[in-house]
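K.L.:
The primary structure of each chain is shown beneath.
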Amino acid sequence: MGPFVPNVISDQLNLVLALLIGVAFGFVLEQAGFSSSRRLAGLFYGYDFTVLRVFFTAAGTAMTGILLLGYFGYLDLSAIYVNPTWLWPAIVGGIVMGVGFILGGYCPGTSVAAAAIGKIDAWWFVIGGIVGVLAYGEAYPLIQGFSGTSSLGPVRVYDSIGVSPGFFAFALILVAVIAFAATTWIEQRVNRDAPTKLYDVRLHRIAGFAAVMVGIALAVLPDRKTALLAEVSSPAYQASNAVPEMDADELAFLLVDQDPELRIYDLRGEKDYDDLTLPRSIRVSLDDMLGREITPDLARRSVRKVFVAESENEARVAALLASKLGYERASVLKGGFGTIRREYFSEEPLPEPGDQEQAEIRDWKLGARAQLRRQILEAKRKGTARPKKEKKIAGGC
Amino acid sequence: MPDKSASTPSRYMDPYLAGFLLGLVLLATVFLTGRGLGASGAIKDAAVAATDLVAPRHAQTAPFFRPYFEPGKEHPLKSWLVFEVAGVLIGGFLSGLLSNRLKVTTESGPRVAAPQRWIFALLGGALFGIGAQLARGCTSGAALSGMAVLSTAGFVTMLAIFGSGFAFAYFARRLWL
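Protein chains in written order, with my numbering: chain U, 3 to 399; chain A, 22 to 198.
Just to be clear, a hint being listed does not mean it is correct.
To be verified - Residues from chain A shown here face chain U by an in silico Cβ test under 8 Å; the list is partial:
#1 Asp35
#2 Gly57
#3 Leu74
#4 Ala76
#5 Pro77
#6 Arg78
#7 Ala83
#8 Tyr89
#9 Phe90
#10 Leu98
#11 Val109
#12 Leu123
#13 Thr126
#14 Ser129
#15 Ala153
#16 Ala181
Said to hold, decoys possible - Where chain U lies over chain A, by a calculated footprint (3+ residues, C-beta under 8 Å):
#17 43–52
#18 113–120
#19 141–151
#20 169–180
Rather than coming from a laboratory, the hints here were simulated on the basis of the structure. Computed from a prediction, not measured in an experiment: that's the story for all the values here. We put the beta carbon where it would ideally sit given N, CA and C, even for glycine.
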């Protein structure tokens, strides 16, 4: 599951990858005609809409691909870098950049592509960029305050608006396709030699139609998490997919035994988990299970995975989800967390034994209570065995 | 029909095909590395490195540059975006070579002489350098990559850049028309 930085791709390899990605980026920018300032500026005068077409097609393609990879579970959408929003600085910065665009005829990426093929004005633009950063750097103490205002964090646009990601994607694709058609109409009236007159109209119509169809699919597809959870939560699915159950005594026995091939996944809330942290347990949520952070833990095949939750059914849903995701040996604590808490982690007196066998069981339980308490205290002393927080992906400009 | 002899530049790629390919490059970037494309960040790194070269003490004390020189930080030029932008230079060059567009020249509007064009390019670049710091990215890093991951910042920045470009186009018409 992507992304592969930093767990699979090392920092060094990532730099090599950056160079290769840059080569592809620069090649496409130049092929698109973004190495020409007159073409870029043409957007703002209605004589050439190349920028609009390339830019929105690229954004739509990447957005659609990211949503689909996420939907099919190939990309962990919670792990990718989402540039945080500083609302007013973004607006003011964007306005300043827009003026820079119309005066300079480039943006930073396109200026580098243009500089590469010998455009002297593009080199001046690049030098200007460095000068601008230096000027900003010197004025930073004055601007710092404003620069940090209206920080909203890494918010997603569909949350800002209040629609589903799929619906937003659909709307964006629809608007883009309409804008492409409208601007072609304008361009052919403003510019007699409009490049659009050379396009393959039929092919473009098919592509536009296909894009809208994909958009509709995005709008109606539930996201992967919702779909998976709905499936494993349905009684029919649960009836036909039995999950091995483990009762509190067996679990306690394995814990006392310190079985190394045991892992407990605790679905309770953070506070409950902190109040009583079972040995060999980590706290997970259903969301975590769809992410990649927990993947190496869940993927250990020989390990017996016991899902525990306040209610047995909640644990069952998680265990079914784990099996559905291809993780093996998932089982569920029978009777919910209450059973093991009552039997092994309370001061509640155990019932008086009726015969010799019951007395032995009672003695074992009392021993187990003490033993488990010691294990928990020990773990607390060493610092609780929380899953390590992984390195955040850096990004942005 | 365009002349197809070796010395004339080839036609540009169909913009939708180019956009689709650019989208695939961006998608591959996000899929592999978890981050998007960028450009202004590399310019910032270059500016920081230049400051460090010319005035190391200033670079290490000024609040804007200081974070680059905290212990454990790599050299500002050893950054992902610097390598990526170096790739853009190579990729742009290869494309120009392939399509017969390598030519040392200044491109400007019909009524603008080269030196005037250079001044406005410098000015435009400087405004981009400033604006990209406020918006935490430029057209590639904030707008395009931001839109691909559906970040609010991406859409806000994109609307502000293009909106402002259209709003001010009238005043700059002498440069291009």
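K.L.:
Each hint needs a verdict: does it hold in this structure or not?
P.N.:
A quick look at each hint next to the structure:
At a threshold of 8 Å, the smallest CB-CB gap from Asp35 (chain A) to chain U is about 7 Å, leaving the interface hint in force. Given the 8 Å rule on beta carbons, the hint for Gly57 (chain A) holds: about 6 Å separates it from the nearest Cβ of chain U. Because the beta carbon of Leu74 (chain A) sits about 12 Å from the nearest beta carbon in chain U, more than 8 Å, this interface hint is broken. Hint status for Ala76 (chain A) relative to chain U: violated, with the closest Cβ pair at about 10 Å, above 8 Å.
Given hint, Pro77 (chain A) at the interface with chain U, is violated; its Cβ is 14 Å from that chain's nearest Cβ, farther than 8 Å. Hint status for Arg78 (chain A): violated, given a least beta-carbon distance of 14 Å to chain U, over 8 Å. At its closest, the beta carbon of Ala83 (chain A) sits 6 Å from a beta carbon of chain U; the interface hint therefore holds under the 8 Å criterion. Residue-level restraint check for Tyr89 (chain A) is violated (minimum Cβ-Cβ distance to chain U is 10 Å; threshold 8 Å).
This hint is violated: Phe90 (chain A) has a C-beta 13 Å from the nearest C-beta of chain U, more than the 8 Å allowed. The interface hint given for Leu98 (chain A) is broken, as the beta carbon of that residue sits about 11 Å from the closest beta carbon of chain U, more than 8 Å. Hint on Val109 (chain A) holds. Least Cβ distance to chain U is approximately 3 Å, under the 8 Å limit. The closest approach between the C-beta of Leu123 (chain A) and any C-beta of chain U is roughly 5 Å, which is under the 8 Å cut-off, so the hint is satisfied.
Because the closest C-beta pair between Thr126 (chain A) and chain U is about 6 Å apart, less than 8 Å, the hint holds. This hint holds: Ser129 (chain A) has a C-beta 7 Å from the nearest C-beta of chain U, less than the 8 Å allowed. At a threshold of 8 Å, the smallest CB-CB gap from Ala153 (chain A) to chain U is about 6 Å, leaving the interface hint in force. Taking 8 Å as the C-beta cut-off, the interface hint given for Ala181 (chain A) holds, the closest approach to chain U being about 2 Å.
Interface restraint, the segment 43–52 of chain A with chain U: holds (10 residues with C-beta to C-beta distance below 8 Å; minimum three). With a cut-off of 8 Å between beta carbons, the segment 113–120 of chain A has 6 residues touching chain U; three or more are needed, and the interface restraint holds. Only residues whose beta carbon comes within less than 8 Å of a beta carbon in chain U count, and the segment 141–151 of chain A has 11; three or more means the coverage holds. Coverage of the segment 169–180 of chain A by chain U holds [criterion: at least 3 residues with CB-CB distance below 8 Å; count 12].
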